[in-house]
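Just so you know, the protein sequences line up as chains A and B, in that order. Counting in the numbering used here, the first sequence runs from 888 upward without gaps. Counting in the numbering used here, the second sequence runs from 277 upward without gaps.
Hints were generated in silico from the structure; no laboratory data involved. One or more hints might be untrue.
Computed footprint of chain B on chain A, listed as stretches where at least three residues anywhere in the stretch have a Cβ under 8 Å from a Cβ of chain B [what the hints assert, rightly or not]:
| # | segment |
| --- | --- |
| 1 | 1052-1061 |
| 2 | 1065-1079 |
Residues from chain B shown here face chain A by an in silico Cβ test under 10 Å; the list is partial [claimed, not checked]:
| # | residue |
| --- | --- |
| 3 | 325 |
| 4 | 395 |
| 5 | 404 |
Derived DSBU-like pairs: lysine-lysine, alpha-carbon spacing no greater than 35 Å straight-line [claimed, not checked]:
| # | chain 1 | residue 1 | chain 2 | residue 2 |
| --- | --- | --- | --- | --- |
| 6 | A | 993 | A | 1090 |
| 7 | A | 912 | A | 1090 |
| 8 | A | 993 | B | 515 |
| 9 | B | 515 | A | 1090 |
| 10 | B | 515 | B | 358 |
Since this is a predicted model, take the numbers as computed values, not measurements. Just so you know, even glycine gets a beta-carbon here, dropped at the ideal spot from N, CA and C.
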Amino acid sequence: MSESVAPTGGSTRGPRAGASRAGRKVARNVGIPLLSIVLLLALWEAIVVVFHVAPYIAPRPRQAILAVTQNWSVLWPLTLGTIRETVYGFVTGAALGLTLGVVMAKVPVLQRLVYPVLVLSQAVPIIALAAPLVLILGFSVAPKVVIVAWIVFFPVTVNVLDGLSHVDRDLINLARVFGAPRWRTFLQIEIPATTTPLFSGLKIGATYAVTGAIIGELAASDGASLALYQEHANSNLNTAAVYGTTMLMTVIGISWFLLVVGAEVWATPWQRRSVARRHWWRRS
Amino acid sequence: MSPSLLELRDVGKVFGDTVALEPTTFSVDEGSFVAIVGPSGCGKSTLFNVIAGLLAPDSGAVVMNGSAVTGTTGHVGYMLQKDLLVPWRTVQDNITMAARLTRRVTDADRAEARRVAEQYGLGEFLNHYPSALSGGMRQRVAFMRTLVTHQPLLLLDEPFGALDAQTRLEMQQWLLQVWRDTGRTVLFITHDVDESLFLSDRVVVMSPRPGRIVADFANTLARPRTVDTLTDATFIELKSRVMHLLHGGTS
């Protein structure tokens, strides 16, 4: 960020002070969460050492990480596969969720008709879905994508629906008084007003997306996948690899979540800034 | 006589068993500043929504510049106590909101927003988001958004109701200045008697159950109005008259 984010009025400190303040902010927003991860790993290490935990029960963090890095050439393509399933599934689920939310908000009859089905869909144990999905879609990437999308769409739909039905009536009336056609009111008022709930749904979806992909891999893989790699390591009593793979999956999950958070930060500058960014497409 | 910009002909509205507005006839001359004062439930907001076209009356007609606009929208500027600025748009983009909602925003729209904002002291805030502004500044932006619709009639429904007393007085004087500069016609709702007298050429008093007009008289206070106006003998006299009308008297 090149511009100052400080509210106007009385900022007489120089750019250097601004830079150090921005530095402190980064330290606070990135440093502290990183510190909590380091502390967690230290706690893990301490427990293993203090209680003399056997390596086949729990390895030290270092060993788990080494089990990943030393087999990176094998794990990287599997990781890519999981990422692909997560991303495809997430995008599909998000698009479906947004569409359903909008359609249901705009057509009350459909809302009453479809809502119970949506709730039902989430009551079905995901793992029980896998078998029929394999029968229908085979062992390809498709069943995993469907499972991820199945998990992701629901919080998106619920939040978008909620957001759209809570747009300020007075604001919509104001648009009417201006003589706005309904589609413009929808695009200019209702959709932007729903950005925050939309991202709430996306963030919930993002946290579960990788879990969905792994469940899909467990239930619907015949070849190589991260989930099967871990199962294989488990049956070989390679505990370090089991823990390492879990950490790898977690890292994928966190990265995806952070990416969605980043998208939200980018898409909603008004939440943090008092002055708009300058864009080449923005005319004044 | 100057021609009427707005005419209401026997406009009435009923909600269930409640007569929100008895059949009402009244007109507003071009360029005038009319204040409607009354307690809550007197039908002033119903009257407003009917004029704006948000509400279809059960009877009667709304006529603007000689043509009926009953139950249709897009013929007035409109502003409420809530500023209704959208948080995701800058001050400039909020000012051009009406254009954005009806057509493509042009460079001319943006230039006009800039000019108006600069003229009325918000030039430095064009690129700010509304969250960075004070309540008074936000109401000013909301008013500029109403102004650039170029509607001859501005409907203002307690626009300063949420502001503190000092800011409100400042905003009232500012509004009078803008009104003088632009020559628009203003219909101003308030429950504040002082405010109605301070601003208007004409005061319409409304009363509830059923909602109706109980008095309609010219406000003869000299312009320009200043802080001294508020303690002027005529002001006190008019105020006491309106107070009596609002609280049971009939004189």
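| task | Check each numbered hint from earlier against the structure, then list the numbers of those it violates in ascending order. | result | Violated hints: 4, 8 and 9; rest satisfied.
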